[in-house]
Amino acid sequence: MKILPVSFYQRENVFQIARELLGKVVVTKWNKVITSGRIVEVEAYNGVIDKASHAFGGRRTARNEVMYAEGGVAYVYLCYGIHHLFNVVTNAEEEPHAILIRALEPIKGIDEMLRRVGKEKSDHTLTRGPGNLSKALGIFTSHSGNSLQSKKLYIAEDRISFSKMEIIASPRIGVGYAGKDALLPYRFYIIGNPFVSGKPK
DNA sequence: GAGTAGATCCTCT
DNA sequence: GAGGATCTACTCA
812 MKILPVSFYQ RENVFQIARE LLGKVVVTKW NKVITSGRIV EVEAYNGVID KASHAFGGRR
872 TARNEVMYAE GGVAYVYLCY GIHHLFNVVT NAEEEPHAIL IRALEPIKGI DEMLRRVGKE
932 KSDHTLTRGP GNLSKALGIF TSHSGNSLQS KKLYIAEDRI SFSKMEIIAS PRIGVGYAGK
992 DALLPYRFYI IGNPFVSGKP K
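Just so we're aligned: the first sequence equals residues 812 to 1012 in our numbering.
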């Protein structure tokens, strides 16, 4: 497997990147323990013009400063005081685009993930939903700003790619406060995958 | 199966 | 001082 180069992230079309991230593999390696999973669901956040984005209207705070960095770094923040949400920053410096990783299909280190989450056995809830997958992979807000080129946290290319037929675009989840922008089809997922959040089939 | 309340704390106003 | 890019468990049917 090959680590995705920064040129993958540093492109203008965040939706294109989001689609291409489906099927890629997120890998974390903390203290020599590897956990990884294949991306099956993402959401795109389209910079300053997107009401659902933390960077809407050019808002810039200590928390979202990372979004203004050049593409290829992690943006992690705490939601509802409980959940760590893992995002990937894209595009150039000063263009605060980001892609939220919403669901993974576990590949390596499932035992370790179970231990982190406190479960006995593996099921489809292990890495379903952004809060759960961050916990399973051991990603915390302290990793915000980390480069995705590091050996500890990165996204890699796998042989597998999904065809357009298998990818569904739909409105994003949990962004009702964004008004009209909440209806935009900026969420992409693999059709029929049990790890995709929301209603099972 | 569907709907809802509660957890819980950092961040911005 | 309010609220959030969520999740789980519990209720009611």
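Calculated directly from the structure, the hints in this document are not laboratory data. Some hints could be false.
[As the list claims (entries may be wrong)] In silico SDA-like links for lysine to any residue, alpha-carbon gap of 25 Å or less:
| no. | residue 1 | residue 2 |
| --- | --- | --- |
| 1 | Lys813 | Lys991 |
| 2 | Lys975 | Pro1005 |
| 3 | Lys932 | Ile893 |
| 4 | Lys840 | Gln821 |
| 5 | Lys946 | Lys991 |
| 6 | Lys843 | Ile814 |
| 7 | Lys813 | Gln827 |
| 8 | Lys962 | Asp922 |
| 9 | Lys975 | Pro816 |
| 10 | Lys946 | Val986 |
| 11 | Lys930 | Val986 |
| 12 | Lys840 | Arg927 |
| 13 | Lys963 | Lys862 |
| 14 | Lys930 | Ile814 |
| 15 | Lys843 | Met812 |
| 16 | Lys919 | Ser972 |
| 17 | Lys991 | Phe819 |
| 18 | Lys840 | Gly942 |
| 19 | Lys843 | Ser974 |
| 20 | Lys946 | Ser933 |
| 21 | Lys962 | Ser974 |
| 22 | Lys862 | Ile845 |
| 23 | Lys919 | Glu881 |
| 24 | Lys962 | Gly869 |
| 25 | Lys862 | Glu881 |
Is the straight-line distance between the alpha-carbon of Lys975 and that of Pro1005 25 Å or less? holds, 18 Å
Are the Cα positions of Lys932 and Ile893 separated by 25 Å at most? holds, 22 Å
Does Asp922 lie within 25 Å of Lys962 when you go C-alpha to C-alpha? holds, 21 Å
Please verify whether Lys946 and Val986 have alpha carbons no more than 25 Å apart. Answer holds: Lys946 to Val986 is near 21 Å, not above 25 Å.
Does Ile814 lie within 25 Å of Lys930 when you go C-alpha to C-alpha? At roughly 30 Å apart (the allowed maximum being 25 Å), Ile814 and Lys930 break the hint.
Is Lys813 within 25 Å of Gln827, Cα to Cα? Roughly 20 Å separates the two Cα atoms, so the pair holds.
For the pair supplied as a hint, Lys946 and Ser933, is the alpha-carbon distance within the 25 Å limit? holds, 14 Å
Straight-line alpha-carbon gap Lys963 to Lys862, limit 25 Å: Violated, at roughly 32 Å.
Assess, step by step, whether the Cα of Lys862 is no farther than 25 Å from the Cα of Ile845, and give holds or violated. violated, 36 Å
Do the alpha carbons of Lys843 and Ile814 lie within 25 Å of each other, as the hint requires? This hinted pair holds, its Cα atoms lying about 17 Å apart.
Quickly compare the C-alpha distance for Lys919 and Glu881 to 25 Å and report which way the hint goes. Between Lys919 and Glu881 the Cα gap is close to 29 Å, so the pair fails against 25 Å, i.e. violated.
Pair hint Lys843 and Met812, alpha-carbon separation not exceeding 25 Å: Roughly 17 Å separates the two Cα atoms, so the pair holds.
Of the numbered hints stated above, those contradicted by the structure are hints 1, 5, 11, 13, 14, 17, 19, 21, 22, 23 and 24, listed in ascending order.
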